[in-house]
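These protein sequences, in sequence, are chains A and B. Take this note's numbering: the last position of the first sequence gets the number 604, and nothing is skipped along the way. Take this note's numbering: the last position of the second sequence gets the number 239, and nothing is skipped along the way.
No lab work stands behind these hints: they were computed from the structure. We put the CB at the ideal spot given by N, CA and C, even for glycine. Careful: at least some of the hints might be erroneous.
[Stated by the list, open to error] Sample of chain B residues at the chain A side, in silico, Cβ under 7 Å:
| no. | residue |
| --- | --- |
| 1 | L84 |
| 2 | S144 |
| 3 | Y229 |
[As the list claims (entries may be wrong)] Pairwise CB distance ranges, derived in the manner of DEER restraints:
| no. | chain 1 | residue 1 | chain 2 | residue 2 | range |
| --- | --- | --- | --- | --- | --- |
| 4 | A | T502 | B | Q147 | 37 to 45 Å |
| 5 | B | F221 | A | T390 | 50 to 58 Å |
| 6 | B | L135 | A | L588 | 30 to 38 Å |
| 7 | B | S67 | A | T513 | 50 to 58 Å |
| 8 | B | I226 | A | T513 | 17 to 25 Å |
| 9 | B | N64 | A | Q503 | 42 to 50 Å |
[As the list claims (entries may be wrong)] Which chain A residues face chain B? A few, computed with CB under 10 Å, are given here:
| no. | residue |
| --- | --- |
| 10 | R380 |
| 11 | M510 |
| 12 | T513 |
| 13 | D544 |
| 14 | S549 |
| 15 | Q550 |
| 16 | K561 |
| 17 | S573 |
| 18 | I579 |
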Amino acid sequence: MERLIEEIPNFFTIWNVIFLAKAMGVTFLLTAIGCLVGFSVGGLLAIFRKTKSIYLLPLRIFIVIYTEIFRRVPFLVSLLLFFYVFQIIKISDDLFLIATITVCIIATAYIGEIIRSGIESINQTQWDAATAMNFTYYQTLREVIFPQAWKVILPPAFGFFIMFIKDTALASQIGVMELTFAAKILNNKGFSPLLSFGTILILYFILSFPLDRFGKYMERKLASNKN
Amino acid sequence: MGYTLVYTQVLEFLPYLIKGAWISLQIAILAFFGGMFFGLILATVRTFGNNISNKIVICYVTFFTNTPQLVQIYFLFFALPEFGILLSPYIAVLLGMTLNAAAYLCEIQRAGFLSIRQNELDAAKTLNFSLFQQVKYVILPHIMRVLFPPLSNHYIIMTLGTSMAAIFGVEELTGRAFNINSETFRSVEIFSITALIYIVITFIATFLLAIIGRYFFKAKIRIIQ
Chain A
378 MERLIEEIPN FFTIWNVIFL AKAMGVTFLL TAIGCLVGFS VGGLLAIFRK TKSIYLLPLR
438 IFIVIYTEIF RRVPFLVSLL LFFYVFQIIK ISDDLFLIAT ITVCIIATAY IGEIIRSGIE
498 SINQTQWDAA TAMNFTYYQT LREVIFPQAW KVILPPAFGF FIMFIKDTAL ASQIGVMELT
558 FAAKILNNKG FSPLLSFGTI LILYFILSFP LDRFGKYMER KLASNKN
Chain B
15 MGYTLVYTQV LEFLPYLIKG AWISLQIAIL AFFGGMFFGL ILATVRTFGN NISNKIVICY
75 VTFFTNTPQL VQIYFLFFAL PEFGILLSPY IAVLLGMTLN AAAYLCEIQR AGFLSIRQNE
135 LDAAKTLNFS LFQQVKYVIL PHIMRVLFPP LSNHYIIMTL GTSMAAIFGV EELTGRAFNI
195 NSETFRSVEI FSITALIYIV ITFIATFLLA IIGRYFFKAK IRIIQ
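Could you build all of it, start to finish, from the sequences and the hints given here?
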């Protein structure tokens, strides 16, 4: 314990703080890009999944298979799989890019499911009414479904943003310089694991706690609006 | 390109991998039921406890749901030895996953508690049900119907989470994939097969859980979303 107190001034030097801040930025960036791409592409997947046209049947089957596969493979395994696939096809050896692409692909699968269940939560009568008023599919979604569905979509979506902040810790396994990897480096430099991993835990907490609070607040607010 | 996928060498290791999957399953089930148990205690305290105990449970849940499971296990595995507590990798992973699951399962089970309405209990009392009968005929059927889908969902998430154990050297499915990888260097083949095994395991689990849920608790779970 005394050793720990002695170490603290050495640990929080300006260089270590900058190092950790940079690592925190990488974690945040990974999550933010993943969630943005996941939300846009996942939304598209959900929209195409609910189409009825027979010509889009192969696309719908593809979407079902895609979401089922990537929601059932652990993040670590898919990360390593993409890492080695990228080594073979030799497009890029930038670790951050590989991790970002993996996060995007997984986020798309998860958020696509959330948006789809949000769309499905809207009563069938709403669809029927829109059809009766001769709305096109796009108009139905824009004017009728999404204004109601986003209340159902947002709370679990926030849950998944937080899940991604935490899941990016696994990207340290392929060597991306994010928070967990930074902690491992500091630990290898000789700082006590209690100090390095403890700091990282707090930093992760700082990243995800505001989002968690905001998600819960939104959930409460939207729930009270609905009744 | 210049790389051809060769599966023959890796397929020889298939029984080895499947035995690893068995260990993954073990970790997932142990951690899940451990988490259920601790989560139940926490949820009970949260529902019936006083202000201070409530705050403690809230702190526990917020901390464990807002930090990565991986770093929590790192902490248990590397930082506890500073205090003279040495955990084997298997125990560290199991403990980390249990503590983490307890936080999530506490929230889920509390939502189940809150879903019981006072009217139901009053009705049961009016019919002169004993406490045991109340639990058996009124509380449990209701709670399980509400709780079963999110619980089974969390079980699947935990099955996927067991892959983290590989990082600490536990020889479960992903850990064995690491071993074969360093032996044969057929990385893509190995990890694609590992991914496939995970898909099969989780499909079987979802299927069984859906049957159990429908048959016993009248809970609706879809196998393919």
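Hints, verified against the model:
A distance limit of 7 Å between C-beta atoms decides the matter here; for B:L84 the minimum to chain A is near 4 Å, and the interface restraint holds. Taking 7 Å as the C-beta cut-off, the interface hint given for B:S144 is violated, the closest approach to chain A being about 36 Å. Here the hint on B:Y229 is broken, as its CB sits about 23 Å from the closest CB of chain A, past 7 Å. Checked against the hint of 37 to 45 Å, the C-beta distance between A:T502 and B:Q147 comes to roughly 41 Å, which is consistent with it.
Checked against the given bound of 50 to 58 Å, the beta carbons of B:F221 and A:T390, roughly 55 Å apart, stay inside it. Hint check: B:L135 to A:L588, Cβ distance near 37 Å, so the stated range 30 to 38 Å holds. For the pair B:S67 and A:T513, the beta carbons lie near 56 Å from each other, so the given range of 50 to 58 Å is met. Between B:I226 and A:T513 the C-beta distance comes to about 43 Å, which lies outside the given range of 17 to 25 Å.
For B:N64 and A:Q503, the hinted distance range of 42 to 50 Å is satisfied, since their beta carbons lie about 46 Å from each other. With a cut of 10 Å, the hint placing A:R380 at the interface with chain B holds, because the nearest CB-to-CB distance is about 9 Å. At its closest, the beta carbon of A:M510 sits 30 Å from a beta carbon of chain B; the interface hint therefore is violated under the 10 Å criterion. A distance limit of 10 Å between C-beta atoms decides the matter here; for A:T513 the minimum to chain B is near 26 Å, and the interface restraint is violated.
Checking A:D544 against chain B by beta carbon gives a least distance of about 7 Å; that is within 10 Å, so the hint holds. Look at A:S549: its Cβ gets to within about 8 Å of chain B, closer than 10 Å, so that hint holds up. At about 6 Å, the closest approach between the beta carbon of A:Q550 and any beta carbon in chain B falls short of 10 Å, and the interface hint on this residue holds. Look at A:K561: its Cβ gets to within about 8 Å of chain B, closer than 10 Å, so that hint holds up.
Given hint, A:S573 at the interface with chain B, holds; its Cβ is 9 Å from that chain's nearest Cβ, closer than 10 Å. With a cut of 10 Å, the hint placing A:I579 at the interface with chain B holds, because the nearest CB-to-CB distance is about 8 Å.
Hint check: violations occur at hints 2, 3, 8, 11 and 12; the rest are consistent with the structure.
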